[in-house]
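A.B. asks: If you read the sequences in order, they're chains B and L. Here my numbering is used: the first residue of the first sequence is 1, the next is one more, and so on. Here my numbering is used: the first residue of the second sequence is 718, the next is one more, and so on.
In case anyone wonders, no lab produced these hints; they're calculated from the structure. Incorrect hints may appear among the rest.
The list that follows gives simulated cross-link-like pairs (lysine-lysine, DSSO-like), each with its CA atoms no further than 27 angstroms apart [stated by the list, open to error]:
#1 LYS725(L) <-> LYS969(L)
#2 LYS725(L) <-> LYS151(B)
#3 LYS151(B) <-> LYS367(B)
#4 LYS478(B) <-> LYS725(L)
Keep in mind it's a predicted model, so treat the numbers as computed, not measured.
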Amino acid sequence: MPRSAPFLTKWLLIVGSVFGLWALNRFLNSTTSAGVPILHPTFLRILYLCAISVTLAVSLNLVNGFTGQFSIGHAGFMAVGAYAGAAVTHVFPALQNQFGLLIATLFGAFVAGMFGYGVGVPSLRLKGDYLAIVTLGFGEIIRVFLANTDKIPGLNFMGGSLGMSNIPALTNFFWTIGLAVLVIVVSRNLKRSLHGLAFLSVREDEIAANAMGVNTTKIKVTAFVLSAAFAGAAGSLFAHSESYLDPKYFNFTFSINIVVMVVLGGLGSITGTTITAIFFTALPELLRNANTGVIKEYYKDDYRLVAFALLLALTMLLRPQGLMGKREWTLFKKRAEDLPSVGFGEGNDSLSSNLTPQSSTLPPVLKCLDVMKRFGGLVAVDGFHVLLKPGELVGMIGPNGAGKTTAFNLLTGVYEPTSGAVIFDGTQISGDNPYPPQTRSLLLAKDALITALGAYLVGTVIYSCVSSLNVPPAELYKVFGMALKSGIVWTVIIGSVAYSLFTAKTRRINQPGMPSYQCSNQGISRTFQNIRLFQELTVLENILVGSAGKLKTNLFSAIFGTQAMFREEQIARAKARRILKQFGMERLENEQARNLPYGDQRRLEIARALMTGPKLLLLDEPAAGMNPQEKVQLMSLIRQIRDDFNLTILLIEHDMRLVMGICERIYVLEYGRIISEGTPEQVRNDPKVVAAYLGVEVEDEQNEMSVNPGIGGAVDA
Amino acid sequence: MIELFLNKLILGIQLGGVYALVAVGYTIVYGVLQFINFAHGDVYMVGAFMGMFVVKGFSEGSISSPVAMVVVLGMILIVAFFVSMRGHWKDPKGAAVRLVGFAVAFALIGTLVKLFLKGGVLLFKPITALAATNVIIGGIVALTVAVAWCAGLGVLIERTAYKPVRGTGRLTALITAIGVSLLIENGGQAVFGSDIHAYSLKDLPGGKQLLTGTLDLNLVGITLSVSKGQLIVLLATTALVLALTYIVRYTKFGKAMRAVAFDRDAAALMGINTDTIIAFTFLLGSGLAGAAGFLNFGLTGYTFDTNTGIMFGLKAFVAAVLGGIGNLYGAVLGGLVLGLAEMFVGGSPFSPYRDAIAFIILIAILLFRPSGLLGKNTVEKV
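So that you can see chain B by itself, here it is in the shape it has in the complex (with noise of 0.2 angstroms):
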């Protein structure tokens, strides 16, 4: 619906499309005059279960398509939903009417989102295939489990392996149909928010998304429960509609199917995803019921499968993007374009300020003490003390792998430093930092604790496999008790714990530095060597992942799609307007980021970094790949933006003219060591820098690139 709409207009259409769903519920369940039902049964439920693929198929896609994680356990986390659900209607009798309906999907839901959690917040950190195979691994789990709950005390009404039946048939197609829609319009409605714009930032280069303020791991997670709690509603409304459920049901392969409706309806459609959902779940069904009379005799369940199969294999190799790629199909107009009337002088960043470079007296802006940096046993950066004054516009120098863009990511928070410490405006963001001795000693306890705990499962699982225990598999708890008898255990748990201690040592000295993210919202913003825009996204939907990471409202109100959001999303739109003006791009606006050439997309990085608002920028090689007109404009940018946003600026830079013609001072670093510092009169007199850099020698230069290939082989890239 149009945003510009008046709210009234809004609530109207949610009220009516209710009652308009509950009537068509009552319409399609009533039986015509002569005492036939209006939708056949089998019809009916062909109806609720297209709705319960859809509602599927649409929250996955929230997790593959919006956020570019590969879930392929879903199944998993519907199967909990449903028998989470069928429990609440099971133990409580008198809740077995419509309320009980809500009452159980509302905790199905809610079960499924704290397996989601669960789940998510471990096996996140993984990518790609590894996350794929964890998620994979979690939904067979979860199925082993409960296709043996009948040997578990208190859980015995769910049948184990014969499934769970007598379940009241509650559902109807108001509540199927209600889900679908509400997972459509959750959708998308998070898909046209500042806050869906992160989903998209991390699904295009989770790193980018981290710098420019997006907190990744919250923003998967957040995806995954969501995801996850729409799965269990539908399981729950599955259950009420199926009455009965099969642990085998939910296997692998229903998990697959899920995946395959998201894919082929195009990864991040709504629309598609739901025309493939509704088609590839009700095809089977009608092609089961069209088994009769004629067809019979020529027709073998098998070919449907193998069809199937052909359908898929080809509708890849024809159409990779899937049904409909990114596209979507809307029934509304395209929310309405930000209102010129919205104001947004917010004081800080308005263009007319204009504060005077290098006080002397006001306190740094960086701080960097002797910062170190070692891969294995490679020191990239070592006394690493950079001190930053507000407003200066500092370069940084040195020949390729001299741990230039280390630097810029032990500033970042993308690297921690293995000693030394970063102070970015008063506050330590990284670097060594230890625990009070309560808090350290706490932690070490803690983790103890944790290992002799894994320790004591680990241990009772290896106890009962190499002695020959019998125990009927009703009493297995039983195992954990006889477990605490058995040297072998008590061997596994002080060994675990005595290593965990060991390694303690290590782990719990310094207080974690500041991801990449926070470092963002403190006021830290970045470009990087290799460009990473959001390749997919536009130009003023990259710009605006800048502002993501320091929304004020919420989630629920992008879901909901309130007033406070919409106000919000103005405001940024047009402060991106505004950086974009500023660089002369605004005719790119809606031009996607791959599309623009070299010079466009290293300037749009800039943009981007503007728009969070830093007080530092960090240019890695702003001018690579740049002509020298462009390299002039350049500089008169970087000055430009430093006089109107109030920054300070430091840059990584090979091109000399540049780095010479516009920075104040130069720090220059050879294997990792600041070798000169001054301005740049000095810096360029300095016999050091002179030997090491800019001498002529051309043999040594050559020699430091085979010394460090990697980072060096990096920078022509």
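We have chain B; now place chain L onto it with these hints.
C.D. replies: Relative to the frame of chain B, chain L by itself:
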């Protein structure tokens, strides 16, 4: 108790060996293409079926025409393999292999032409008669047919399904692989039927003497009895894994494979025909999966159907990831860990959770070593 423990240990290693055979297929393909070949477990299933056709054909005394077809096609695939190898065995070590290859190829082609000229499956009688008299020859023929069929199937899948989508993104390839996997499962069901099968080399003459009973080893006062069939599986898988390691490490093809795995574009620029190498990788991996399929069912008498490959393939993949995907030794290690864990848990009170143990170990290890036991931890360069 120590005997029981050692017995389980050996059984675990045997099961682990079979997992390892399939896991190396996942891992070498992943190493070269960074792609999970989801259809790999189904190739394993096809191997079991092919072995069954041959063994059943032999044990029933005469070869029925579908079996003859299986054998003939298998032989043609072997010939095609050696012919396609031509020109690639240029190093001295390879020359010997090439000679043998050609000899075998000519002999086979000659035999086949003769067979076709006289027109009739009856002319398989020499082989049949030989195989029927000796379980060892019968077993070798069955193994060869299973390996050849699966190797051919692997290359066929790669050429028809994966090659066209190469370069269009990993998800596309993954979904295509899922499609192929479903195609083999459901197609297999349409062709072979959905019955549960079992067969054993014991059915061949002489098989009972060779394979029944246990072998008792006496080690310092501890008697260890191992079923003969399982011992053979253990030995055969060890030999095959060693052969694969040899190919990957010491032959020119292996070197090319490693180069392609390291950087496909650079390898192509250095004059390596990457398409051939990729096909060769699939050939090796799928051939081993076929061998695993035959060994695990032909010598143990376990039951299987067309869906057997799903769970087994998944676990073998878990084994590959556990060890560090892309790493050959990692796959073997992962397979062994998995086999041992399943065998031990299977005999403990926790046996109902046997199917979950693979995934529990996987998750536990990935949380502490995100790239598997032997995998290299790659940090994305910023």
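A.B. asks: Each hint needs a verdict: does it hold in this structure or not?
C.D. replies: Here is what the structure says about each hint:
For a cut-off of 27 angstroms, the pair hint linking LYS725(L) to LYS969(L) is broken: about 39 angstroms separates their Cα positions. Between LYS725(L) and LYS151(B) the CA atoms are separated by roughly 26 angstroms; this keeps the pair inside 27 angstroms, and the hint holds. Distance hint between LYS151(B) and LYS367(B) is unfulfilled; the C-alpha atoms sit about 62 angstroms from each other, more than 27 angstroms. Pair hint LYS478(B) plus LYS725(L) holds up; C-alpha atoms about 24 angstroms apart against a cutoff of 27 angstroms.
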